[in-house]
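The task is simple: from the sequences and hints, build the whole structure.
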Amino acid sequence: MKSFVVMGIILCMIGLMAFAMHREHRSAAELTTPIVVKKDSVASVKAFTAVYKVLMSPRCMNCHPSGDIPLQGDDSHLHTMFPKRGKEGKGVLAMKCANCHQPENTPGLHTPPGNPNWHLPPADMKMVFEGKSPRQLAKQLIDPKQNGHKDLKKLIAHADDGLVLAGWNMGEGRTLPPMSHAAFKKAWITWLTTGAYAPKK
Amino acid sequence: MINLNVNHKVYQVDADPNMPLLWVIRDLIGLTGTKYGCGVAQCGACVVHLNGEAVRSCVTKVSRAEGQQVTTIEGLSAHNDHPLQVAWNEENVPQCGYCHSGQIMSAAVLLREKADPTDQDIDDAMAGNLCRCGTYLRIRKAIHLAAELQKKEGGSV
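First to last, the protein sequences are chains A and B. Throughout the first sequence, residue numbering follows my numbering, covering 869 to 1069 in sequence. Throughout the second sequence, residue numbering follows my numbering, covering 19 to 175 in sequence.
Because the hints were derived from the structure by calculation, they are not lab data. The model shown is predicted, which means the values in this text are computed figures rather than measured ones. One or more hints might be untrue.
For lysine to aspartate or glutamate, the following EDC-like pairs were computed, each having C-alpha atoms within a straight-line distance of at most 20 Å [claimed, not checked]:
no.	chain 1	residue 1	chain 2	residue 2
1	A	Lys1053	A	Asp1028
2	A	Lys921	A	Asp1029
3	A	Lys952	B	Asp141
4	A	Lys1069	A	Asp908
5	A	Lys1000	A	Asp943
6	A	Lys952	B	Asp137
7	A	Lys955	B	Glu92
8	A	Lys955	B	Glu131
9	A	Lys958	B	Asp141
10	A	Lys958	B	Glu71
11	B	Lys27	B	Glu84
12	A	Lys952	B	Glu71
13	B	Lys79	A	Glu972
14	A	Lys955	B	Asp141
15	A	Lys958	B	Glu131
16	B	Lys27	B	Asp45
17	A	Lys955	B	Asp139
18	A	Lys952	B	Asp139
19	A	Lys1053	A	Asp1019
20	B	Lys79	A	Glu1040
21	B	Lys27	B	Glu92
22	A	Lys958	B	Asp139
23	B	Lys170	B	Glu109
24	B	Lys170	B	Glu84
25	B	Lys169	B	Asp137
26	A	Lys1054	A	Asp943
27	A	Lys1021	A	Asp1011
28	A	Lys952	B	Glu131
29	B	Lys169	B	Glu109
30	A	Lys952	A	Asp936
31	B	Lys132	A	Asp1029
32	A	Lys1018	A	Asp992
Listed below are several chain B residues computed to face chain A (Cβ distance under 7 Å; list not exhaustive) [said to hold, decoys possible]:
no.	residue
33	Ala59
34	Val73
35	Glu131
36	Ala145
C-beta: ideal position from N, C-alpha, C; glycine also.
This is how it looks when you write it as structure tokens:
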């Protein structure tokens, strides 16, 4: 009986190792697989409609304001205390983002959400979302001169950026973006790999 | 036990890593110059320096400060003679006084980064520090005076 148990444990361990190696192998393959773009303007514009809804939700737009003061809350009002962007997007003087925004969310309602990399886009590349039409935003997102020097590969990878993911983990009392991160990522990649077409308006 | 360096003195405190730095400073170390105001990083009464930055100690976990340099109002100067402290005294800035350790700690970061601040710089730096007594005009005046004193001393703070 004892030998059966030992055999069982060994078999389970071998199975787990094989599973882990398979996953590792798949991840490496995914990283090296070239991105295939198959142009389809209808599918692309349709996917961007979903992308736009997320990017214009408060969890994304509040840190992509048209001015130099971030927005706050589900109604996207100007951030109380009027902290300013600063050159690197990390605030100024005694009002730097990380002075209040911790590496993680602070528990409780009306407390600062957190992230180790909390910041606005820098002053020389403001990447404004606020006030942009779908067409304007789509064109901005694929222009390396306006999107933080990102090519297609970097844009796709950006769906899993730490601050993008933070949009779905903003602490208590804040409405989530209008779809799951998985659905957003799917729409984002679909938009990009079908030609990144901009809507007409 | 958590090792903390507060005002260049090493402390070993028996605290939960999630305890706010403010509680540790006030209740465990006994430095009560830093005040509790709102508890949610909205008022600035609890500002201390963490590696020179004006953090809100009410929402900063003590674990974030472990092994870092913490400075409270008690450690801002050796003899309460920091140009800001001198200027605050000169201009009789405080009314009730409750918010002023936080005000001075924020202003110290301002003066370090902008030796000769404009009114706009002062607004930008101090907008997160509330004063229920409304001493804002005296705060502004004292910061300008402190900048002059700092210049006369020939260095930055």
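Evaluated hints:
{"no.": "1", "hint": "Lys1053/A with Asp1028/A", "verdict": "8 Å, holds"}
{"no.": "2", "hint": "Lys921/A with Asp1029/A", "verdict": "18 Å, holds"}
{"no.": "3", "hint": "Lys952/A with Asp141/B", "verdict": "11 Å, holds"}
{"no.": "4", "hint": "Lys1069/A with Asp908/A", "verdict": "18 Å, holds"}
{"no.": "5", "hint": "Lys1000/A with Asp943/A", "verdict": "17 Å, holds"}
{"no.": "6", "hint": "Lys952/A with Asp137/B", "verdict": "15 Å, holds"}
{"no.": "7", "hint": "Lys955/A with Glu92/B", "verdict": "32 Å, violated"}
{"no.": "8", "hint": "Lys955/A with Glu131/B", "verdict": "14 Å, holds"}
{"no.": "9", "hint": "Lys958/A with Asp141/B", "verdict": "17 Å, holds"}
{"no.": "10", "hint": "Lys958/A with Glu71/B", "verdict": "12 Å, holds"}
{"no.": "11", "hint": "Lys27/B with Glu84/B", "verdict": "13 Å, holds"}
{"no.": "12", "hint": "Lys952/A with Glu71/B", "verdict": "16 Å, holds"}
{"no.": "13", "hint": "Lys79/B with Glu972/A", "verdict": "10 Å, holds"}
{"no.": "14", "hint": "Lys955/A with Asp141/B", "verdict": "17 Å, holds"}
{"no.": "15", "hint": "Lys958/A with Glu131/B", "verdict": "15 Å, holds"}
{"no.": "16", "hint": "Lys27/B with Asp45/B", "verdict": "16 Å, holds"}
{"no.": "17", "hint": "Lys955/A with Asp139/B", "verdict": "14 Å, holds"}
{"no.": "18", "hint": "Lys952/A with Asp139/B", "verdict": "11 Å, holds"}
{"no.": "19", "hint": "Lys1053/A with Asp1019/A", "verdict": "17 Å, holds"}
{"no.": "20", "hint": "Lys79/B with Glu1040/A", "verdict": "18 Å, holds"}
{"no.": "21", "hint": "Lys27/B with Glu92/B", "verdict": "12 Å, holds"}
{"no.": "22", "hint": "Lys958/A with Asp139/B", "verdict": "16 Å, holds"}
{"no.": "23", "hint": "Lys170/B with Glu109/B", "verdict": "18 Å, holds"}
{"no.": "24", "hint": "Lys170/B with Glu84/B", "verdict": "36 Å, violated"}
{"no.": "25", "hint": "Lys169/B with Asp137/B", "verdict": "17 Å, holds"}
{"no.": "26", "hint": "Lys1054/A with Asp943/A", "verdict": "27 Å, violated"}
{"no.": "27", "hint": "Lys1021/A with Asp1011/A", "verdict": "13 Å, holds"}
{"no.": "28", "hint": "Lys952/A with Glu131/B", "verdict": "15 Å, holds"}
{"no.": "29", "hint": "Lys169/B with Glu109/B", "verdict": "18 Å, holds"}
{"no.": "30", "hint": "Lys952/A with Asp936/A", "verdict": "6 Å, holds"}
{"no.": "31", "hint": "Lys132/B with Asp1029/A", "verdict": "34 Å, violated"}
{"no.": "32", "hint": "Lys1018/A with Asp992/A", "verdict": "15 Å, holds"}
{"no.": "33", "hint": "Ala59", "verdict": "4 Å, holds"}
{"no.": "34", "hint": "Val73", "verdict": "5 Å, holds"}
{"no.": "35", "hint": "Glu131", "verdict": "6 Å, holds"}
{"no.": "36", "hint": "Ala145", "verdict": "5 Å, holds"}
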